[in-house]
Amino acid sequence: MSGPNSTATKRRRRTIPGSFAHTFDRLTERSRARAGVLVLSLLAMIAIFADLLASDFPLICSVDGTVYVLPAVTHPASLTGLDNEQIANAHAGFAIYPVVRHGPTTQSADRVARPSRGHPFGTDGSGRDVFAQTVHGVRTQLGFALLAVVAYVTLGALLGALAGYFGGSFDFMVQRLTDTMSSMPSFVLVLCVQAALPHPDLTTLFLTIVAARFAEVTRLVRTEVVDVSSRDYVVAARALGASPLRVLFRHVIPNASGQAIVSATFGLGAVVLLEAQLDFLRVGDRGRYASWGQVMSDVRQRPEAYWLLFFPGVFLLVTLIASNLVGEALRDALDPRAFSRKRR
Amino acid sequence: MLRYMLRRALWAVPTLFGVSFVVFLLTTLLPDPKSRLTEAERRTLLAKPESYLELEERRRQLFLDLPRIVNVTPEDVRSRTDDALDHLEKDDEEAAVAGATLVRLGGAALPYVLPHLDRLSPEARRRVATALLPLGARMGLDLPDTTVSQDAAFLFWKHFWDDRSTDFTGPAVKRNVERYVQKATPARARDLEMVDTFALPALLVALDGTKDKEALANVTRLLAHATQRSSPLGVTATDSEVARSVADWQSWWFIHESDFVVREGTIRMTASVGDTRYAKWMTGAATGRLGLSSRDNEPIGKKLASRAPITFAMTTLAMLLAFAFAVPIGALTAWKRGLGINRTVTAVLFTAYSLPTFWVAQVLFSLADVRSYAGVALPVVALAITAMATLSRHQRVSILEVVQSDYVRTAKAKGVSPFRVAVFHALRNAILPTVTLAGFQFPALLGGAFVIEEVFGIRGMGWETLRAIEAHDTAWIVVTVLLSAIVTSVMLIASDVALGALDPRVRERQLRGRLS
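Going down the list, the sequences are from chains A and B.
Taking this note's numbering, the leading residue of the first sequence gets 1, the next gets one more, and so forth.
Taking this note's numbering, the leading residue of the second sequence gets 345, the next gets one more, and so forth.
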C-alpha cells in the first residue's frame with residue numbers, strides 16, 4: 001500500500017541514513033510542522049498578552065497614591081479619561097509602560113504618520129497606532145477565526161457523520177445541502193450576505209461564515225464515515241450489541257475525525273483571510289475593534305503610506321503560512337497516502 | 345459520455361434549486377418598511393390614503409405583501425373589493441384607505457361593488473358611492489351634484505350599473521380591445537376608458553400580441569389612463585422606448601395582476617403556489633425580470649451584461665496564465681528533484697500559495713503605474729499568483745507519483761529519450777488531476793477577482809457589488825450570488841466531464857454510475 005511507493009521513503013532512500021543530508025531531510029520534514037506550530041503559538045501569546053505590548057494605560061502605575069495593576073484590563077473608574085501622557089505628566093508616582101503607549105482604538109492627532117519612536121509601525125488614516133492595531137488585531141482576528149472554525153467544523157462534522165452513518169433520505173438531503181452550499185463561492189456569499197443585511201456585525205459575520213463553510217467539512221467527514229462504517233471493528237462493535245449512537249460516537253467519529261481536524265487547520269487561515277478581505281473592502285462595521293484589514297484599507301487613500309500595508313500584511317501572511325504548514329503536516333501525518341488523495 | 349453529462353446536468357437541478365432558495369432567503373433579509381412603523385405612525389399614515397398606498401406599493405415591488413412559500417388565501421379583485429367594502433361599511437380607521445383602494449382597483453372592482461350597494465345600510469352605501477366618485481371622474485362620466493341630495497352619488501352609481509353592466513363582461517371588453525388595436529377611434533377609446541381597469545387583462549394580452557408601434561402607443565395610453573401610472577408613449581417614440589415601455593408594463597402587470605382579475609377553480613389553486621414571494625421572485629429571475637437597481641435605476645440585466653464579461657474574462661485569463669506557468673514549474677521541480685534550487689522554489693511556491701490576493705494586488709497597484717503598458721496585465725497577474733502556486737504544487741505531487749510508476753520505468757528501460765518520457769509518458773498522465781483542480785480553483789478566483797477589481801478600479805461585477813453594498817441595492821447583490829453559483833456549478837460539472845474525457849479510467853467509473 002503505502003510503504004515502498006510513498007515519496008517520503010523514496011526520498012529518504014536516496015540519502016545515506018545517518019548522513020547529514022538524511023538528518024536534514026528528516027528535520028525539514030518535521031521542522032516545517034514545528035515551525036508552523038511555533039509561529040501559531042507565538043501569535044497566540046501575542047494575542048493573550050496584547051495589552052502588555054500596546055495599551056493606553058501603563059502596566060502598573062501609582063496615581064495619587066493608589067497603585068493600579070494593568071488598568072487597561074481592569075478599567076478602574078478613577079482613571080477613565082486619562083491616557084499614558086497625562087498619567088506621566090500630571091500625576092506624581094511611578095509607572096511601568098507597555099512597549100507602545102497607544103491602544104488600538106485611540107485616535108491621535110497625527111494621521112498617517114511615518115514609523116517613529118512613539119509609533120513604531122506608524123499611524124493609520126484616523127490616527128490610530130498601527131502597532132497597537134496589529135498586535136490587538138492578532139487577538140481579534142485569531143480569536144474570531146478560532147470561534148468560527150470550531151463552530152463550523154463541529155456543525156459540519158456532526159452533519160457529515162450522521163449522514164454518512166445513517167444514510168437514507170437524510171443522507172440524500174445532506175448531500176444536496178452540501179452541493180448547494182459549496183456551489184456558492186464562499187467569499188462572494190459572505191460578502192453579499194453582509195451587504196444585504198440591514199445591520200451587519202460580528203455575529204452575523206460569524207453565522208454567515210459558518211453557513212458558507214460547513215459544507216466542505218460535511219462532505220469530507222461523510223466520505224470518511226462511510227468508509228469507516230464498514231470496517232471490521234465497527235461491525236464487531238455492532239455485533240457486540242452497542243447502540244447505534246455509541247458506535248457512532250465511540251468508534252466511527254474518532255476514527256473519521258482526521259479530515260475534520262485537517263480542514264479546521266486550513267480553515268483557520270482561510271477565515272482570517274476572509275475577514276481581513278472584508279475589512280479591507282470596508283464591508284461591515286468598522287472601527288470598533290482592531291483589524292488588519294481596516295488598517296490596510298487606509299492605504300487606498302494614501303498609496304505612499306507603505307507601513308499601513310506592510311506590517312499588518314506581514315502578520316497576515318505569517319498567520320496564513322503557519323496555518324497552511326500545520327495543516328499540510330497534519331494531513332501527511334494522518335494519512336500517509338495524502339499525496340495521492342484528490343478531492344472527490 | 346453524453347449520458348454522463350446529462351446526468352450531471354440533471355443532478356445540478358436540485359442544487360440550483362437549493363441555491364435559488366438560499367438566495368431567496370437573502371432577499372427576505374430586506375427590511376419591511378411596514379413592520380418598522382410605530383402604532384402612531386401607522387395611524388397618521390392611515391389618515392393619508394395616498395402615502396399609505398404608496399408604502400403598500402413599495403412593499404409590493406418587493407413582493408412583501410405575499411407570504412413566503414405557500415399562499416393559503418390568494419387575493420384577487422373580488423377579495424380585495426370585499427375587504428374594502430367591509431372597512432367602508434364599518435367606517436373604521438381604515439375606511440379612508442379602503443375608499444382609495446376601491447378607486448385604485450377601479451372598473452375591475454365595480455361588478456363586485458355596485459350590485460351589492462342595495463344590501464348595505466343607507467349610510468354605508470352613501471359612503472361607498474361617495475368614495476367611488478373620483479373613479480367616475482376618471483371614467484369620464486358626468487358626475488352628479490352631491491349637494492342636491494344625500495343619495496345623489498348612490499343613485500348615480502345605481503343608474504350607471506343599470507345602463508352599463510353589460511359592458512362589464514369579458515367577451516365584450518375583449519372585442520372592444522381587438523377593434524381598438526386595429527383602429528383607434530376616439531369612440532372606441534372612450535368605450536374602453538369607461539370600463540377602466542376592467543379592460544386591463546385584455547389590454548395586456550393586446551400588448552403581447554401586436555408589434556405595431558402606433559397600436560402599442562395607443563394601448564399604453566389606455567393603460568396609463570386606467571392606472572394613473574407613468575406617462576404614456578408619445579407618437580414619436582423610438583423603437584427602444586416602445587420596447588422599454590412594454591417591458592415596464594409587463595413587469596407592472598406581473599406584480600399587480602391579482603388586483604384586476606378574478607381567480608376561481610384551478611387558477612385559484614395555482615395562485616396559492618404562484619402568488620408567493622418565492623414563486624414570484626423565481627419567475628421574475630427566470631424570465632429575466634431582474635428588476636431595477638436601486639442605486640441608479642438601471643435594469644439589472646443590462647448592468648449584468650456590461651459588468652459580468654469583464655469579471656469572467658479576468659478570471660479565465662488568470663486561470664490560463666496560472667496553468668501556463670504551473671504545469672512547467674510543477675513538472676520541472678518534480679523532475680529535477682535533486683537540484684538544490686528546488687528547495688527554494690518549493691519554499692517560494694508555498695509562500696505564494698499562502699499569499700493573500702488582495703495584498704498582492706494592493707502592493708502591485710502601489711508599485712506600478714496602472715495606466716502604463718504593464719498596468720493592464722497586473723490585475724490578472726495578481727489574481728493568478730495564488731492559483732498558480734496551488735496548481736504547481738499539485739502538479740509537482742502528481743508528477744512525483746507518475747515518475748515512480750511502472751510504465752515510466754519501462755519506458756526508460758526501453759531506451760526512450762528522457763524528453764519523450766518526460767513529456768509523453770509522465771506529463772500527459774500527471775496533467776489530468778491538475779485539470780480537475782482548475783474547476784475547484786474557480787470559486788477562489790472569482791472571490792479574488794471581486795477584491796482586485798476594487799483595488800484596480802476595474803468596473804466589473806466586484807466593483808459594482810461594492811457600490812451596491814453602499815447603496816443597499818439588494819437586487820444586484822442577489823443576482824451576483826445567483827450568477828456566481830450557477831457559473832461555479834457549471835465549472836464543476838465541466839471539470840468532471842473534462843477529466844472523464846481525458847482519462848479513460850475515470851470515464852469508466854463515471855459511466856458505471858457512481859457519482860461520488
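Since the hints were derived computationally from the structure, they do not count as laboratory data.
Check before you lean on any hint, since a few could be wrong.
Just some of the chain A residues that point at chain B, by a computed CB distance under 8 Å [claimed, not checked]:
no.	residue
1	S31
2	A35
3	S183
4	F187
5	L316
6	I321
Ranges between beta-carbon positions, derived for each pair [what the hints assert, rightly or not]:
no.	chain 1	residue 1	chain 2	residue 2	range
7	B	S423	A	R288	55 to 61 Å
8	B	E385	A	A77	36 to 42 Å
9	B	P672	A	H75	55 to 61 Å
10	A	S126	B	S423	55 to 61 Å
11	B	R856	A	A333	54 to 60 Å
12	B	K392	A	R111	23 to 29 Å
Please read all numbers here as calculations on a predicted model, not as lab measurements.
Beta carbons: idealized from backbone N, C-alpha and C, even for Gly.
**OP:** Grab the minimum C-beta distance from A/L316 to chain B and call the hint holds if it beats 8 Å, violated otherwise.
**Re:** holds, 6 Å
Original post:
Would the stated hint for A/S183 survive a check requiring a Cβ distance to chain B of less than 8 Å?
Top reply: holds, 5 Å
Original post:
At the C-beta level, are B/E385 and A/A77 separated by a distance inside 36 to 42 Å?
Top reply: Hint holds: Cβ distance 41 Å, inside 36 to 42 Å.
Original post:
Quick one: are B/S423 and A/R288 within 55 to 61 Å, going by C-beta?
Top reply: Violated: the Cβ-Cβ distance is about 49 Å, outside 55 to 61 Å.
**OP:** Report holds or violated for the interface hint on A/I321, using the least CB-CB distance to chain B and a cut-off of 8 Å.
**Re:** holds, 4 Å
**OP:** Indicate whether the distance between the beta carbons of A/S126 and B/S423 respects the range 55 to 61 Å.
**Re:** holds, 56 Å
**OP:** Confirm or reject the claim that B/K392 and A/R111 have a C-beta distance inside 23 to 29 Å.
**Re:** violated, 48 Å
Subject >> Range hint compliance [Cβ, B/R856 to A/A333, 54 to 60 Å] >> reply: Given range 54 to 60 Å: violated, Cβ gap about 34 Å.
Original post:
Could one say that the CB atoms of B/P672 and A/H75 fall in the range 55 to 61 Å?
Top reply: holds, 59 Å
Original post:
At a threshold of 8 Å, is the proposed contact between A/A35 and chain B supported by beta-carbon distances?
Top reply: violated, 11 Å
Original post:
Holds or violated: is there a CB of chain B closer than 8 Å to the CB of A/F187?
Top reply: holds, 3 Å
**OP:** Closer than 8 Å between Cβ atoms is the bar; does A/S31 clear it against chain B? Give me holds or violated.
**Re:** violated, 12 Å
In this structure, the hints that do not hold are numbers 1, 2, 7, 11, 12, in rising order.
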